[in-house]
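2 protein chains.
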Amino acid sequence: MLKKQQLYHQLKQDIQLQHWAAGQVLTQHQLARHYAVSRIVVRDAQHALMNEGWLVAHGKAGMQVPGFSAAEAEELCMLRLQLEPLALQHAVANMSYSQLGQAEDLLAYITASNSLAPYQRGELNWQFHHTLYQSCAKPHLLRLLAQLHQQVARYLGYQEQVQAYADTSAAEHAELLSLLRHGKSGLAVALLTRHIAEAGALLVQWLQKQQSA
Amino acid sequence: MLKKQQLYHQLKQDIQLQHWAAGQVLTQHQLARHYAVSRIVVRDAQHALMNEGWLVAHGKAGMQVPGFSAAEAEELCMLRLQLEPLALQHAVANMSYSQLGQAEDLLAYITASNSLAPYQRGELNWQFHHTLYQSCAKPHLLRLLAQLHQQVARYLGYQEQVQAYADTSAAEHAELLSLLRHGKSGLAVALLTRHIAEAGALLVQWLQKQQSA
DNA sequence: TTGACAAAAAATGTATACATTTTAAATTAG
DNA sequence: CTAATTTAAAATGTATACATTTTTTGTCAA
Numbered sequence: 001m002l003k004k005q006q007l008y009h010q011l012k013q014d015i016q017l018q019h020w021a022a023g024q025v026l027t028q029h030q031l032a033r034h035y036a037v038s039r040i041v042v043r044d045a046q047h048a049l050m051n052e053g054w055l056v057a058h059g060k061a062g063m064q065v066p067g068f069s070a071a072e073a074e075e076l077c078m079l080r081l082q083l084e085p086l087a088l089q090h091a092v093a094n095m096s097y098s099q100l101g102q103a104e105d106l107l108a109y110i111t112a113s114n115s116l117a118p119y120q121r122g123e124l125n126w127q128f129h130h131t132l133y134q135s136c137a138k139p140h141l142l143r144l145l146a147q148l149h150q151q152v153a154r155y156l157g158y159q160e161q162v163q164a165y166a167d168t169s170a171a172e173h174a175e176l177l178s179l180l181r182h183g184k185s186g187l188a189v190a191l192l193t194r195h196i197a198e199a200g201a202l203l204v205q206w207l208q209k210q211q212s213a
Numbered sequence: 001m002l003k004k005q006q007l008y009h010q011l012k013q014d015i016q017l018q019h020w021a022a023g024q025v026l027t028q029h030q031l032a033r034h035y036a037v038s039r040i041v042v043r044d045a046q047h048a049l050m051n052e053g054w055l056v057a058h059g060k061a062g063m064q065v066p067g068f069s070a071a072e073a074e075e076l077c078m079l080r081l082q083l084e085p086l087a088l089q090h091a092v093a094n095m096s097y098s099q100l101g102q103a104e105d106l107l108a109y110i111t112a113s114n115s116l117a118p119y120q121r122g123e124l125n126w127q128f129h130h131t132l133y134q135s136c137a138k139p140h141l142l143r144l145l146a147q148l149h150q151q152v153a154r155y156l157g158y159q160e161q162v163q164a165y166a167d168t169s170a171a172e173h174a175e176l177l178s179l180l181r182h183g184k185s186g187l188a189v190a191l192l193t194r195h196i197a198e199a200g201a202l203l204v205q206w207l208q209k210q211q212s213a
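Chains as they are written, first to last, in the working numbering: chain A, 1 to 213; chain B, 1 to 213.
It is possible that some hints are incorrect.
Identical copies go unnamed one by one, so any copy, or any two together, can satisfy a pair.
Simulated pairs of lysine-lysine, DSSO-like, Cα-Cα distance not exceeding 30 Å [stated by the list, open to error]: (1) LYS60 with LYS4; (2) LYS60 with LYS3; (3) LYS209 with LYS12; (4) LYS12 with LYS60.
Derived by calculation from the structure, the hints in this document are not laboratory data. Just so you know, these numbers come straight off a predicted model, no measurement behind them.
The task is simple: from the sequences and hints, build the whole structure.
Here's what the structure looks like:
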């Protein structure tokens, strides 16, 4: 595998696991030394991660590990709320049973595997949603949503409460699939909207509690 | 100025001016030779432009100049339609008169300067809209909108009919500012929605005509 | 002590050289 | 002649070396 990709994944994971603390400034030299690769590789990975919100520019030198804020989480969830129901709406018309089946497989896998790293839970959750939206045939929209989920995923390593919500989430996912399978697209979109709003509210509330404590 | 930035702008402009034809595959060597810079610089510029839709990945080697399609334009406009009214809605509460003034200056400048390159018209149009949305304090939303406008701007070098719409557009911008200045935020949001929908429909129709011809 | 200015250290930008991968071509077996 | 395999060319990935920019440090004067 390409070193660039390796470092990209490693660095992303290390940020999510808070191996690199929020607020810390990471220089190319520093990372190149630490991961034993050349600065070129670091540069590429840094830029890729910056585009996804895992790093933010820090003046003219270095990139900073971003912190967490209830405001940012709220914004991200608002964007999800604005875009995902739209994606589902456009997707239902062209959705195939094969895709529904794929989503069901994913859901089963998620439900079966207890003790997933928060790192993977976010990825699997996005895969599930992505499967449902895929047939909307709107590549830009799908790309934006992938980015959004990436950025939300950054919070999942931070929020430990996720596990508590996992059951509710799985139940709603199952219901969503059921509605889709029976062609009740209007209800499905409504449920999805509620689902995203709920998850977002939970995350934001938790962050606000953290912030005030 | 940094060579990376220079090449970024130059290459973007050359793509919009169709110096590099749609569908063409651009390699690092090719561009490095042509613009007399090292491949490193080309790589950075290519990646930046890819993130903004000016280039698309092409297998494992080279990047391709994307073509134009009514479907893509429609998708981009749909996303604008979905997100920009939201931005304005959140912005009106915190909007300052200084910002309104800034927007008025921009509008005056756009109106005054006839014979703008399509290259700059798109940029100025975004600056105007951005000024109105800025106070929404939603950095991710603003970043998405900047990206979207970038991608729409790609079409403006292609669509020559833009000039004809310029007057209508300026008039609506002026009306929008007037509504905002008088605190009629609801009407302003409605007008913005119509404004984006109109511009989008015009672009899409024109592309469909081109496509069928 | 504080402030500005200069020098040194450190960081990123850039170019060149080399390694690896990918693509294309050419050759050969069927 | 076709198809598969090998070989060469061309492209990208990566490392090192050098240039430029930025930051920091330290010095000196007010």
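Hints versus structure:
1. LYS60 with LYS4: both (23 Å within a copy, 14 Å between copies)
2. LYS60 with LYS3: Intra 25 Å, inter 15 Å, cutoff 30 Å: intra and inter.
3. LYS209 with LYS12: Answer is within; shortest intra-copy Cα gap is 26 Å, inter-copy 46 Å.
4. LYS12 with LYS60: both (22 Å within a copy, 23 Å between copies)
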